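Per the numbering used here, the sequence shown starts with residue 1, numbered consecutively.
Take these hints with a grain of salt, some might be off.
As the list claims (entries may be wrong) - For each label pair, taking beta carbons as the anchor points, the in silico distance ranges come out as:
(1) D46 - V493: 45 to 55 Å
(2) G156 - V306: 48 to 58 Å
(3) K338 - R362: 15 to 25 Å
(4) A357 - E322: 16 to 26 Å
It is worth saying that the hints were derived from the structure and are not from the lab. Quick caveat, the model's predicted, so the values are computed rather than measured. For each residue, glycine too, the CB sits at the ideal point set by N, CA and C.
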Amino acid sequence: MSAALEQLVAGQVIPFGGDRQTVVSGELAAAFRPGDRLVVVQNTGDLLHIPAAEHLIVTGAVDAALSGFAGLGSVSDEQITDFFRAFARLLADDAAFAPIAAANAADVASAAERGRSTTRLELTDKMRGDMIAGLEEWAAADPARDIEVDRVDHDGWSVSLRRAPLGVVAFVFEGRPNVFADACGVVRTGNSVVFRIGSDALGTARAIVEHALRPALADSGLPEGTVQLVDSASRSAGHALFSDQRLALAVARGSGAAVAQLGAVAAQSGVPVSLHGTGGAWIVAGEHADAATLGQVIHHSLDRKVCNTLNVLAIPRSRAAELVLVALAGLDTAAQAKGVNARLHVVEGSESYVDGARLDARVPIARAEGDVVEPAASSLPIDGLAIEWEWERSPEITLVVVDDVAAAIDLCNRYSPRFVASLVSDDEAEHAAFYASVDAPFVGNGFTRWVDGQYALERPELGLSNWEGGRLLGRGGVLSGDSVHTIRFHATVTDHDTHR
């Protein structure tokens, strides 16, 4: 006979995973109140406390989104188009945007005071322009609801396969205001959406909702519940959202342990989930690499730190004497463009290819908390190739010298997030072998920053997926609004004497 969990006791044993156990801490026991919820992450034993107030906020948002989804079934494609146009128009209007800009400036100042990264938080003119362009692209997109994708005809009857919306799509993402507009793409296919944004950007998100999103919904006649913001700064709200079994899809943007934990919460709750995972791109120089091209590729892959930024550079030993110098010049050029110093990590055994002066030097490195004096270059063990460097303004990469391209591929498949891989080479056979063997969804021959739905495919992305957790079923690594759908089957019988 089940009963509600009313309290936790310090030292209380909680079983998980079928054959393991974890223990309630004194802090958790003291914080837990009747009505709160406890989520046990089954693959780690993490105990996640969801206060009743946070659960109530999330439940209300999902309730509204479910109502919005039901209402979307009776609106026209033209109304959906009008929503995107109105949203874009309001973001482009300086008067409507002024309070959004003010809220973002406050968010950025608060984050900076707390030593938090602001590179993705600041709503720059470029980010604003990209948001507007993305919404306009969705406005111009062909209607994507109730489209016949296949048909099978039989004697006396037929079956039509038709696209249909999924339902409520949930997003949890870090403090990047532009994702707010990107993820609204699911409305194009008739889905409703619930957001939970990182606490650093919550003020910006509230302003976008008040001054652009809600007016756009009202102007177009879409249900108010079509797009919902989880108005909470608590991380537990994300756990509550991803454990709500009414979701049709959960999407987590970002990387690291927090995203992996969110994915585990959704998966054990039976909610389909799309995760990014760890970021960081690999560039491999081929035996036939052009030195000048390699320098350009490195420079253009380090303009800012995002998931598709160069993280690891592999150079074949036969070309190392020449190409390491060129590569480090490209790294330094990228740093100089920002007025900062670069930070280099060298895999043990590759140090002899790096100038000793760089290895001995200590320089200011621009971190979120300010300039920090660090080694310009330092060594790390081979398993350090798995580290994604989260830099602020000082470009930061790992260098490894390998026997050949095949050895670089082996390292990439073993230590990388299996995400973005690029080979710089003038040899077609080398490229063919690289593409056939490297285990990554995004493969190229130059700069790595092309991996972006809006930039590469002219479809604002909802998220990018790597292959850390295995290859994806039925879709590629770019999740966009027009790929969030299911298939319904509609049978039409013309001869009612038909039977099996």
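Violated hints, by number in ascending order, as checked against the structure | none
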